[in-house]
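Chemist: One-letter residues, chain by chain:
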Amino acid sequence: MTFDWVTFAFQLVNVLVLLAILRHFLFRPVAAVIARRQAETEATLKAATDARAAADAAMARARAESDATQAARHDLLVKAQGEARTETDALLDKARDEAARIVAGGKAQAKRESARAAAETLALARDLAAAVARRALAAQPAGLAGYAERLAASLWALTPGERAALLQGDGLRIVTPRPLSARDRTAVTRALAPFGVKPAETTDPALIAGLELRSANGAIRNSLAHDLDRIAEAMRDERG
Amino acid sequence: MIDTPLSAAPAFTLGPVTVTWPVVTTWGIMAAMAFAAALATRRLALKPTTSQAVLELVVTTLDGEIRATVAGDPGRFRTLVGTLLLFILVANWSSLIPGVEPPTAHLETDAALAAIVFAAGICWGIRERGPAGWLGGFARPSWVMIPLNLVEQVTRHFSLMVRLFGNVMSGVFVVGIVLTLAGLLVPIPLMALDLLTGAVQAYIFATLALVFIGSAVSGEHNADHPPRHSHGQGPNA
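Protein chains in written order, with the numbering used here: chain D, 1 to 240; chain V, 1 to 237.
Treat the hints with care, as some may be off.
Footprint (simulated), chain V over chain D, 3 or more residues, beta carbon under 8 Å [said to hold, decoys possible]:
| # | region |
| --- | --- |
| 1 | 132-140 |
| 2 | 178-189 |
A short, non-exhaustive set of chain D residues, derived as facing chain V with CB atoms under 8 Å [to be verified]:
| # | residue |
| --- | --- |
| 3 | Asp4 |
| 4 | Val15 |
| 5 | Val30 |
Quick caveat, the hints were computed from the structure, so don't treat them as lab data. Here a beta-carbon is modelled for each residue, glycine too, at the ideal position from N, C-alpha and C.
Could you put together the complete structure from these sequences and hints?
Modeler: This is the structure:
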């Protein structure tokens, strides 16, 4: 067995060259890509950690903002409720005052309306009374003789049956507002002479003026009171 | 009949220099490994292909082994240990190619590998601990141990060389003898055993180289019995 130093030297150089070759073509590129991937992974993990931390911070901020919003909402609610209560009380007080003022105004208005209506009614009654009196007085004859003539005319205007029933009825009487004077009695007698009756004389102040013939079977109205009633009824019918 | 494995047959001569077949075979292995490495690392990407994943697995495993043995950055020793492992593995398995004799079956190649490990241990020991620190390591645990430590420094690298040479050479020798006596198919089981032996020897050589360099870096001299790795010292170990 011999030891070949030349071969030993060749192999020494060969292995050193192979070291350089594999270092350049194998170990360094592979280690570099592993390191690059590890760096990428660490960067990704760091980014994920940072993102998570940022998300946590954002969550905490959002929670704090939510709490603050809730507190502000509660404060606003309490404040709004207080203001609403105050406003409601003020409005109610104002409404009560307004209602009291309206009621007072209404009462005053009603009082004024009532007074005005009473005045109008009074004026209407005055006008009505004046009109009634004017018509009634316009239709009255002059003196009792005139009433006696109008009574005779009314008797003549009846049918013979009606006239006979009236004149022959029990308790035939002449009704005047005042006792007849002699001149008035003469006038009445002269007016009733064609009918052949001589009735009794009675007074009724309610007639105001005039002369009426009454019996158990009827009566001839011939007085101012009767005319006033008729005129008033007629005017009431006209207004109605 | 095969030639004796104890001497390297000359392939050709360059003037006064005779180039032997182990050197030529080593050149072929170097070319093949360089081509394969360049091809495999041509398109490395962050999203690895299957071949890239295998490469990364090899490098990562290598780093893990280095980290388990020597503290610090495994990148310092990755190239040396990885190159030793891959070269010895490919050289041992080159015997599968008919007519090719593995260069590790010749003492010169194993001596060159052991010499590189020896030099690397000295260089890294001095670089990491300084000349005084490295030399001071020989006086541990006592100055009385200096001669023994100096002898150990040589003998353990010598044993590294002889272990690889003996295992690979004996395998090639046995296969050659059986092939000569029995015929074509009979040596196949022995060749398969050679594959296993070649892989184990590559691993042992790389690991022991790492342990020796690690001991030089850390200053410990019980490197043949590292805490994690324990290899037998039998005839085939």
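Chemist: Evaluate each hint against the coordinates.
Modeler: Each hint, compared with the structure:
Counting residues of the region 132-140 of chain D whose beta carbon lies closer than 8 Å to any beta carbon of chain V gives 0, which falls below the threshold of three, so the coverage claim is violated. Coverage of the region 178-189 of chain D by chain V is violated [criterion: at least 3 residues with CB-CB distance below 8 Å; count 0]. Nearest Cβ of chain V to the Cβ of aspartate 4/D: about 5 Å, under the 8 Å cut. The hint holds. For valine 15/D, the suggested interface contact is upheld, since its CB lies about 6 Å from the closest CB of chain V, less than 8 Å.
Against a cut-off of 8 Å between C-beta atoms, the interface hint on valine 30/D holds, since the closest Cβ of chain V lies about 5 Å away.
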